[in-house]
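Start from chain G and add chain W according to the hints.
Protein chains in written order, with this note's numbering: chain G, 3 to 333; chain W, 529 to 827.
Hint data in this document are derived by calculation from the structure and do not stem from the laboratory. Where hints are given, some of them may not hold.
Said to hold, decoys possible - With beta-carbon atoms standing in for the labels, derived distance ranges:
1. P238/G x L585/W: 39 to 47 Å
2. G225/G x L585/W: 41 to 49 Å
3. F322/G x L678/W: 29 to 37 Å
No residue lacks a Cβ here, since even glycine has one placed at the ideal position from N, Cα and C.
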Amino acid sequence: MKRYVRESPIFLGLTGFLKRVKRYIPGGVSGKVLPFFFMSPFFILISVMWFAPVGITTYMAFTKTQWTITNMQFIGLDNFVRIFTRDIRVVDTIYITVLYVSSVLAINAFFSLVLAIFTTYFIKKEPISMAIRLAWLIPRITPAVIYALLWRWFIDPNIGLLNTLLGSLGLPTPRDWLLTPPYSQILMIAVNGYVGASFGMIIYSAAITSIPRDIFHAAIADGATDLQVCRHIILPLLKWPIFFVTSWQCLSLISSYEHILALWAGGAGVARAAEVEVWALYAYSKAFYASEYGYGAALSIFLVAIGLIFIFIFFRVFGFERMMQPSKVEV
Amino acid sequence: MASKKSGYRAAIRKAKLMNLLKYVIVYSVLLIPLIPILSMIAWLIVQSFSEGPTSGLIPRGFTFENFRFLWHPIRFGLSEYPNIWPIVGNSLILAVGTVAFEIPVAALAGYALSRMKFPGRVATMKLIVALHAFPGVILLIALFYILNRLGLYGKGILTLIGVALVKAGLGVPMDTWILKGFFDGIPWELEWAAMVDGCSRFQTWRKILLPIITPGISAVAIFSFMGGWGEFLLAYTYIKRREFYPISVFLYSVIGEFVFVDWGLLAAVALFYMIPILVFYALTQKTLLKLQLVGAVKG
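Excised from the complex, chain G in its bound form (with noise of 0.2 Å):
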């Protein structure tokens, strides 16, 4: 073909318009359809398992749905209104949720961080801080049920540890650490604290392990003792990770009642004359128990709004880089 038709504005022209009509047809296209024929089964599970859901959550907390769930009446605010007038319960799952949240938190986040310091600054034989972590590792690996049965036996006031260990050290054993309060509390607390302490220990350690030695070296050589490597250098150098793992767990915590669920098994009353009942079990068992789903999803829209708002949070706080590594160590 001559150069000056190849080149003129006609033929341009007309060879991007068929271009521009080739994307359209399917088959021999497949540049710009491909792509969704591989997301589409992952968006269809997404949108039926995570925006759907959502969508009807909220829904639902403005209905009376009652026995069966597919039966919705639209009411208007009166949920919340209950919630917030009428509901004797709402102040005390309230004050037990604050609890489990700050105390578990307090285990979840700092006592993590000694844990890594201590695997993987003190002890320099890595077979040995291996074996430590993979120990704390336990409790998460655990099936919730066999874990609640575990516990079950190491409170049993008969054939139990926990009792005989607290009595050779002089401390209280009461007969029922299921269900009397301030022990059933603190029962809560270790339970799931064991279960999320290994989370933070695993980002801090790989954060740790990602600091070049030799600062430390340096350090030692200054004339620094151990606990001031801690504070003035490793410290800092993890604000980002403890930031993370802190939000993070304060966020799953909310939301997590599984494994009181399962330690405070046999029905809705147990957890709750327990008061360990917080407030995403409360709405579980007003939904699942009581049959009351509308009144269950008026309650659970409040942890929706705080998951949404924590994940508001977390993009404009680390961004989409610090999330996907959050245990990576700015030098």
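Just chain W now, with coordinates in the frame of chain G:
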């Protein structure tokens, strides 16, 4: 002179003592809180071979009698089960179903996110991260509605499959993310070569890339299998008929009855239930710590 020497000696002794003290503190902080956990695991093993309830960790005789549930009907207080194996089967359906729903979807999407340009790609990746952070357990009420609407509630075996589907849906964002990471690690040249030889994109994915990331896929598959095997909350909430209980819900119903507890039998069933998890735990320690890091297991 002598006093100076003894001064050095005292200083060295003091330094050694401080060092020792440091390690005593470090090890006691790390190990003393582990006493309950380790003793629980020890108890589980001791109790399941003990004739009666243990006192502390001391067994009462040695017997295999507790494992008779494997071939005998089980009696727990008021309830009797003719056979354990249908319950084991239910747990297997749940676990295999979760893998079957989750892995193909995640492998397809992970490939597209890793290799293809399309509008909304970055947004999808951000969405995945957001979904991973969002606590799925608070959506249980709405998911119950969806199961009802899909006709998967109260339908026996279909309900089990429905639970597997929900479990897969809640787990799929993170698996997609992990598999995307595995796809990212494969050089482009391999795909070009395949396409030059006349493979379509789908064939390339199916015949070239999937075999390469088999280790990655199997790691993720094992994780989601364990997730399904250990699943309690979803199964407990949605499965109401006793013949479709998985092991977790079965054990929970026994624990909740309070009437009479045969600790030996309970421990034996629990140990039996734990076997796949213990095996997997022993085999994949390194991967476990690594995948925990990217958050495959939610905390």
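Comparing the hints with the structure gives:
Between P238/G and L585/W the C-beta distance comes to about 44 Å, which sits within the given range of 39 to 47 Å. A hinted range of 41 to 49 Å holds for the C-beta pair G225/G and L585/W, which are about 47 Å apart. Between F322/G and L678/W the Cβ separation comes to about 34 Å, which falls inside the hinted range of 29 to 37 Å.
Consistency with the previously given hints is maintained throughout, with no hint failing.
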